[in-house]
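Trainee: If you read the protein sequences in the order shown, they are chains P and X. Taking the numbering used here, the leading residue of the first sequence gets 4, the next gets one more, and so forth. Taking the numbering used here, the leading residue of the second sequence gets 387, the next gets one more, and so forth.
Honestly, I wouldn't trust all of these hints.
Partner residues aside, some chain P positions facing chain X, computed with beta carbon under 8 Å [claimed, not checked]: (1) Gly120; (2) Glu123; (3) Lys126; (4) Ala127; (5) Leu128; (6) Asn129; (7) Phe130; (8) Gln134; (9) Thr135; (10) Lys138; (11) Val139; (12) Pro142; (13) Gln143; (14) Pro147; (15) Tyr221.
If you are wondering where the hints come from, they were derived from the structure by calculation, not from laboratory data. Glycine included, C-beta positions come from ideal geometry on N, C-alpha and C.
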Amino acid sequence: MSWNWEFALKVFPEIFNVIWLVIGITFGAYAVALVFGLILTFARRSSFKPLSWTVYGFIEFIRSTPPLVQLFFVYFALPLIGISLNKYVAGILTLGIHYSTYVSEVYRSGIDSIEKGQWEAAKALNFTKSQTWSKVILPQAIPPVIPMLGNYLIVLFKETPLLMAIGVVEFLQKAFLIGADHFKYLEPLTIVGLLFLLLSYPSALLINRLEKWSNQAYGKGSR
Amino acid sequence: MTKNPVQNQPLVKYEKVSKKFDNLEVLKGLDLEINQGERVALIGPSGSGKTTIIRMLMTLEEPTSGVIKVDGNPLWHKEVNGKLVPADENHLRKIRGDIGMVFQQFNLFPHMTILRNVTEAQVHVKGTPNDEAEKRAITMLEKVGLGEKIDAYPLQLSGGQQQRVAIARAVVMQPKIMLFDEVTSALDPELVGEVLEVIKEIAKESDMAMILVTHEMDFARDVADRIVFLHGGLIEEQGSPKEILENPQSPRLQSFLKRFLSTT
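Could you build all of it, start to finish, from the sequences and the hints given here?
Mentor: Here it is, written out as structure tokens:
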């Protein structure tokens with residue numbers, strides 16, 4: 004068994020075409036993670052204890068069970084209680100919610116790094132609670148954690164092959180289907196690896212840039 | 387929420403106000419009145435409760451017991467059927483609008499330019515149109531000597547400049563009473579003067595009441611109508627600057643001043 008360039012070039016476009024689906028799923032799930040993660044963060048901070056404890060339990064539960072199990076549960080078990088989702092929605096929601104628990108931890112660290120004096124100054128100027136969040140706290144808490152949030156985007160992207168377990172034809176599944184058709188797995192699987200590298204690496208560089216930018220924002224270190 | 391502001395009614399009234407942090411009793415039944423437009427300096431050793439007094443008025447700390455009234459209205463309580471019940475955030479917000487504060491650590495918003503720092507609350511809290519708010523902010527910043535710096539960010543300024551911005555940010559909201567919490571304690575000695583000058587200037591030009599927690603005795607003498615000396619969570623002695631600084635009665639105040647004048 005040796006590398007066949009002709010075969011590789013022939014199947015490359017077929018695998019590459021899946022890219023839009025993979026990117027769509029990644030960003031869809033990421034959007035769910037960013038929004039739901041923020042909701043978890045606020046709920047966790049609630050002074051209404053039953054809510055904050057419930058959310059704490061939920062976060063710990065999601066984080067300590069494998070996403071593959073969650074995926075099977077959502078796609079195969081939920082329909083038994085009347086909740087049927089198509090495989091794309093199930094995949095996006097499951098990955099999104101799984102990562103929202105990590106993202107909410109990132110938000111929390113950003114918020115905790117804001118000095119008490121900022122909250123007090125906002126209060127002294129008589130901002131409402133929601134103005135304090137939207138104008139004072141979040142604009143300071145989010146930029147420093149953008150690199151960490153970006154890392155989760157890449158990690159999430161690399162988790163998309165999990166969705167083959169519920170029949171989504173993403174990169175890996177596509178490669179397997181091609182491999183099974185021709186009894187050749189080397190070329191399609193290599194191409195899949197290459198595509199992940201080609202997409203992940205530039206994103207990582209971009210995140211690096213963002214990190215530098217957020218370290219210099221607002222005149223930091225330029226007195 | 388100023389209901390029937392009675393003439394000659396004190397602007398702020400503390401009635402038997404106590405504050406406990408865990409087991410530490412910082413204030414032990416304080417009675418204190420501040421009149422409209424009056425400037426009161428709070429002095430005393432650290433731990434005497436002076437900062438707590440103004441933090442409770444700014445609604446940053448809740449009193450353990452007692453009542454604080456602003457313009458005759460209880461701050462931390464609401465009257466329901468003649469009974470005082472704990473106030474909600476809406477009630478606190480209504481009264482808080484009359485109060486402004488400058489902090490020891492400046493607490494400027496580092497992600498906003500100097501101009502935005504002084505404009506933001508005018509626009510979003512008071513509803514002032516943006517261009518008018520900017521005009522007022524620039525006038526105010528010029529007054530504190532920072533008209534050139536409106537596009538800078540707080541971290542690009544010296545501590546003294548930041549504190550002057552913080553003063554402008556609070557004063558531009560036109561509170562009835564301004565609270566100053568050891569506003570020069572975090573500054574390098576050579577920057578203290580410029581900040582105190584700005585406060586004196588504002589005191590001269592406006593008729594706001596002020597409560598100043600300070601360790602600067604000369605400043606207290608210049609600005610204050612009355613000096614209150616606190617010790618162990620109670621008022622030990624109070625009077626005009628002349629009375630307090632030149633003719634202290636209680637032994638504690640005498641030794642406090644002696645220590646102070648010998649170290650400064």
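Trainee: Please go over all the hints and tell whether each is borne out by the structure.
Mentor: Going through the hints against the structure:
Using the Cβ-Cβ criterion of 8 Å, the hint placing P/Gly120 at the interface with chain X is satisfied: the shortest such distance is roughly 4 Å. Look at P/Glu123: its Cβ gets to within about 6 Å of chain X, closer than 8 Å, so that hint holds up. For P/Lys126, the suggested interface contact is upheld, since its CB lies about 6 Å from the closest CB of chain X, less than 8 Å. A distance limit of 8 Å between C-beta atoms decides the matter here; for P/Ala127 the minimum to chain X is near 4 Å, and the interface restraint holds.
Interface hint status for P/Leu128: upheld, as the beta-carbon distance to the closest one in chain X is roughly 4 Å, under 8 Å. With a least beta-carbon distance of about 5 Å to chain X, the hint placing P/Asn129 at the interface is held under the 8 Å criterion. Satisfaction of the interface hint for P/Phe130 is found here, the shortest Cβ-Cβ separation to chain X being roughly 6 Å, below the 8 Å cut-off. The beta carbon of P/Gln134 comes within 6 Å of a beta carbon in chain X, closer than 8 Å, and the hint placing it at the interface holds.
Because the smallest distance between the Cβ of P/Thr135 and any Cβ of chain X comes to about 10 Å, over 8 Å, the interface hint for this residue is violated. Here the hint on P/Lys138 is kept, as its CB sits about 6 Å from the closest CB of chain X, short of 8 Å. Because the smallest distance between the Cβ of P/Val139 and any Cβ of chain X comes to about 6 Å, under 8 Å, the interface hint for this residue holds. Hint status for P/Pro142: holds, given a least beta-carbon distance of 5 Å to chain X, under 8 Å.
The interface hint given for P/Gln143 holds, since its Cβ lies 5 Å from the closest Cβ of chain X, which is under the 8 Å cut-off. For P/Pro147, the suggested interface contact is broken, since its CB lies about 11 Å from the closest CB of chain X, more than 8 Å. Checking P/Tyr221 against chain X by beta carbon gives a least distance of about 5 Å; that is within 8 Å, so the hint holds.
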